[in-house]
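Visitor: Letter by letter, the chains look like this.
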Amino acid sequence: MKNFSLDHVATELGAELRLAPGAGSADDITGLNTLAAAAAGDLSFLASANYRRFLEDTAATAVLVKEADAADCPVTALVVEDPYLAFARATALFDDTPHYAPGIEHGAQVHENAEVDPTAVVRAGAVISAFAKIGAGAVIGPNCVVGEDSVIGAGTQLRAGVVVYHSCHIGEHCMIHSNSVIGSDGFGFAPAADGWEKIYQLGGVEIGDHVEIGSCTTIDRGALGNTVIGRGVKIDNHVQIAHNVEIGDYTAMAAYSAVAGSAKVGKRCLIAGDAGIVGHISIADGTQVMAKTLVTSSIDKPGSYSSGTPYSDTRSWRKNAVRFSQLDKIARKVAELEKKVGKAGK
Amino acid sequence: MKNFSLDHVATELGAELRLAPGAGSADDITGLNTLAAAAAGDLSFLASANYRRFLEDTAATAVLVKEADAADCPVTALVVEDPYLAFARATALFDDTPHYAPGIEHGAQVHENAEVDPTAVVRAGAVISAFAKIGAGAVIGPNCVVGEDSVIGAGTQLRAGVVVYHSCHIGEHCMIHSNSVIGSDGFGFAPAADGWEKIYQLGGVEIGDHVEIGSCTTIDRGALGNTVIGRGVKIDNHVQIAHNVEIGDYTAMAAYSAVAGSAKVGKRCLIAGDAGIVGHISIADGTQVMAKTLVTSSIDKPGSYSSGTPYSDTRSWRKNAVRFSQLDKIARKVAELEKKVGKAGK
Amino acid sequence: MKNFSLDHVATELGAELRLAPGAGSADDITGLNTLAAAAAGDLSFLASANYRRFLEDTAATAVLVKEADAADCPVTALVVEDPYLAFARATALFDDTPHYAPGIEHGAQVHENAEVDPTAVVRAGAVISAFAKIGAGAVIGPNCVVGEDSVIGAGTQLRAGVVVYHSCHIGEHCMIHSNSVIGSDGFGFAPAADGWEKIYQLGGVEIGDHVEIGSCTTIDRGALGNTVIGRGVKIDNHVQIAHNVEIGDYTAMAAYSAVAGSAKVGKRCLIAGDAGIVGHISIADGTQVMAKTLVTSSIDKPGSYSSGTPYSDTRSWRKNAVRFSQLDKIARKVAELEKKVGKAGK
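Protein sequence lines correspond, in order, to chains R, E and Z.
Just so you know, we're using my numbering here: the first sequence kicks off at 373 and counts up by one.
Just so you know, we're using my numbering here: the second sequence kicks off at 373 and counts up by one.
Just so you know, we're using my numbering here: the third sequence kicks off at 373 and counts up by one.
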């Protein structure tokens with residue numbers, strides 16, 4: 373277990389330390405927790421008015437608060453401009469994800485023509501192909517595969533089981549979680565007399581710096597030219613990025629969100645869970661697509677977009693759902709009624 | 373191929389054996405099949421009235437039936453209270469999934485500080501990290517990775533390619549299918565001036581006993597505290613369980629179902645395929661969520677819940693779908709018409 | 373980089389070469405690109421009227437065109453009947469996916485009772501189990517696992533991390549992309565007093581020739597009998613095929629499409645992204661299911677089928693979505709109004 377002094381934590385987070393009566397700046401912080409669950413030794417945070425009610429009775433040793441909430445903090449306050457951001461930074465202090473000694477572990481297979489920086493880690497069972505380059509401080513997890521000519525940038529971590537095909541370029545300080553696949557073939561076939569003719573996918577994948585990608589996510593290589601993921605993009609588990617898609621810088625995509633071939637998603641977009649974006653369209657910077665929404669045409673104006681119906685108990689839902697199938701008929705009836713009644717009213 | 377006597381099968385399944393004329397209790401049962409597809413040597417079952425019509429002509433050697441159906445069984449009857457449950461137990465008799473000799477196979481990498489029970493199997497290419505514990509009779513499949521401090525309970529099987537991150541606890545007698553990922557980082561980032569600040573995920577994952585998890589499923593570790601999967605939970609392929617979710621005992625979740633961060637799903641729920649549950653809500657014990665439904669608020673009352681629209685041919689669907697976008701307008705027109713007509717009627 | 377003469381390309385694609393003024397049949401073709409992005413040395417194609425406007429100014433060295441467009445081609449024309457199909461064939465010429473020398477690489481584990489054709493490749497970290505058969509020219513990628521008694525047909529490629537369970541049969545000339553799982557247990561459990569009783573999945577998986585399967589896709593083994601994928605079927609990433617499903621020849625399934633247990637999908641169907649087909653139903657040959665559609669009953673008549681609602685800005689969507697929950701009530705009001713107004717009109 374890690375522990376830090378209040379003073380150290382305040383310095384690391386750029387917070388102003390306001391000690392509670394009896395507290396000392398050398399007091400230990402040994403963990404992080406929510407206001408309600410925190411115990412002695414914990415640092416907590418008040419980032420939303422929803423949790424304000426838990427402030428009074430928190431057992432935390434210290435709380436990250438805004439100036440406006442500092443007076444109400446019953447324990448030591450660490451005053452910051454943005455408590456949620458400061459909390460995020462605090463999690464880095466307490467992160468205990470294991471680290472590994474630089475070098476190539478026993479059981480890894482590194483091709484003689486691969487270039488692995490001496491400060492990089494290649495863990496057991498990983499396969500590094502010819503002409504691949506692994507940057508300084510990069511960590512290639514157990515049983516990962518890096519294809520020919522692919523580049524893994526400095527400081528980037530591939531967790532266990534990640535597969536990067538040939539001719540893909542991953543930026544610096546990225547993290548890719550387990551069993552995700554970068555650079556598999558886009559889904560391209562031409563109809564032929566006797567079935568489907570494969571369109572070989574000749575492009576690659578280009579991923580910017582500071583990108584995080586979840587587990588079991590797939591990013592296909594381009595058919596002609598690259599699939600491109602911008603800087604600072606955050607991608608959750610089970611996401612599908614098809615061939616030749618472009619995702620703008622700092623866009624975030626939740627689990628199961630999918631972008632079909634050659635679509636362009638702007639910068640700083642938020643794509644919620646299971647949202648789909650069809651192929652060959654563009655989504656404006658700053659657009660928000662809500663959960664399970666299917667976007668079927670280009671969006672030029674940023675804003676929030678939705679589709680689907682509200683959920684309800686199945687019995688009620690069925691009654692309404694049946695009417696959906698009659699909707700055009702109902703609308704026509706209303707129009708006719710309006711005509712009749714309007715006339716009648718005159 | 374396995375074979376058992378009718379007598380042995382009856383004893384194993386707690387069934388009352390009613391031999392058909394000419395049959396003997398030592399007759400061989402060599403397989404299982406449906407009433408319609410069964411051949412000589414097969415055991416079959418009648419578990420639903422839908423299949424009753426196949427009973428008369430079945431070529432099965434014996435059939436699991438309820439007392440009420442026994443008289444109509446043209447072949448040897450194995451009378452049980454619950455034929456479907458008895459059929460499930462019969463599948464265990466005929467299961468031919470390969471077994472492996474205890475020990476650490478050549479090509480596995482076991483850290484010197486890991487504890488592997490001598491009755492456990494660690495197959496080729498598996499990586500067992502420092503301070504991990506592998507319980508008695510557990511099977512760690514080829515190319516699996518078990519992280520530091522993680523525990524795999526007695527009798528639990530990880531099939532090929534499963535990744536368990538550090539500090540996760542898998543119960544006893546679980547089965548996790550290939551390429552699933554337990555304990556990767558939850559999707560947590562705080563907005564910062566220059567993009568997103570990572571919220572390191574400091575919690576773990578805790579999975580109860582007798583849990584089965586399909587292939588390519590992901591269960592993220594908690595941000596603070598654990599993600600918790602109850603006892604006897606059954607999870608299909610491609611399921612996503614986000615950080616700090618709790619799934620109650622014996623709940624079943626079909627393919628692509630997803631639960632967002634910090635949501636709590638009750639006990640004995642049935643979550644159908646591609647159903648989504650948003651973050652920070654609770655679902656009552658015994659709730660059923662239908663396929664592709666998006667649950668956007670807490671459910672306090674058990675029952676069945678649905679969203680979406682019925683499918684139809686695309687031409688009809690388009691006509692109705694266009695009207696969905698006019699629905700508020702149509703409803704207002706109807707209200708106005710009511711006013712007018714109501715008045716007129718008075 | 374590859375390069376071919378115009379003459380060679382024309383011969384390979386069965387095209388009629390019509391040289392532009394100053395061009396020679398020995399001129400080099402060094403790549404492929406779209407009309408708009410092509411540069412000198414590139415072969416391009418005009419396969420859709422949408423792209424006709426780019427023909428005039430293309431910088432391509434040659435363009436695959438139909439006879440009808442040949443006169444308008446400002447550069448060398450390669451005249452073919454189907455330019456898109458010819459383009460697909462051209463991608464095969466320029467494919468630079470790495471090839472490997474036949475044999476078993478260092479770090480692979482091949483069981484002494486497995487049969488690996490001497491012309492096959494088994495890459496590092498792959499595990500080939502007892503009685504598995506690997507056909508002529510097949511490529512088993514790094515860290516793949518092939519289970520007991522399974523067959524990988526001649527010329528079939530498993531890319532890195534693919535898991536094939538025991539007793540599965542993959543045809544010839546298939547390609548399966550990384551981290552997909554073939555033959556894991558179908559999701560079958562019988563309700564029991566103390567939770568769920570596992571139905572062991574006694575069947576296997578049978579995949580025809582010329583099938584392509586994307587990354588992170590799962591095809592479950594049958595409960596009784598096999599799950600069957602027909603010849604020439606094309607399956608994208610993240611697809612779920614449940615136990616005992618049958619997919620007809622040449623059907624194509626996009627990302628996240630899913631077929632539940634025992635459903636039968638016909639031949640030459642197109643199943644779009646995130647479309648779901650419930651269990652135990654049949655879909656006619658040649659049916660098209662649109663994105664995110666849930667098919668809940670058998671389709672006997674080929675055609676295009678859809679469900680869901682159009683997307684719009686969330687504010688408008690909310691107004692309409694609320695009305696969906698009142699739809700049955702609205703329909704009843706309209707019916708009443710019709711009665712009243714109809715009577716009034718008489």
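Note that these hints are calculated values from the structure, not bench results.
Be a bit skeptical, because a hint or two may be false.
Pairs count within a copy or across copies, as identical chains cannot be separated in the list.
List of simulated lysine to any residue pairs, SDA-like, C-alpha gap at most 25 angstroms [claimed, not checked]:
1. LYS701 with SER684
2. LYS505 with SER676
3. LYS639 with ALA564
4. LYS712 with ALA431
5. LYS570 with ASP467
6. LYS673 with VAL694
Visitor: A separate judgement is required for each hint: does it hold in the structure or not?
Guide: Cross-check of the supplied hints:
no. : hint               : result
1   : LYS701 with SER684 : both (24 angstroms within a copy, 15 angstroms between copies)
2   : LYS505 with SER676 : neither (41 angstroms within a copy, 47 angstroms between copies)
3   : LYS639 with ALA564 : between (38 angstroms within a copy, 15 angstroms between copies)
4   : LYS712 with ALA431 : neither (70 angstroms within a copy, 63 angstroms between copies)
5   : LYS570 with ASP467 : between (46 angstroms within a copy, 11 angstroms between copies)
6   : LYS673 with VAL694 : between (34 angstroms within a copy, 21 angstroms between copies)
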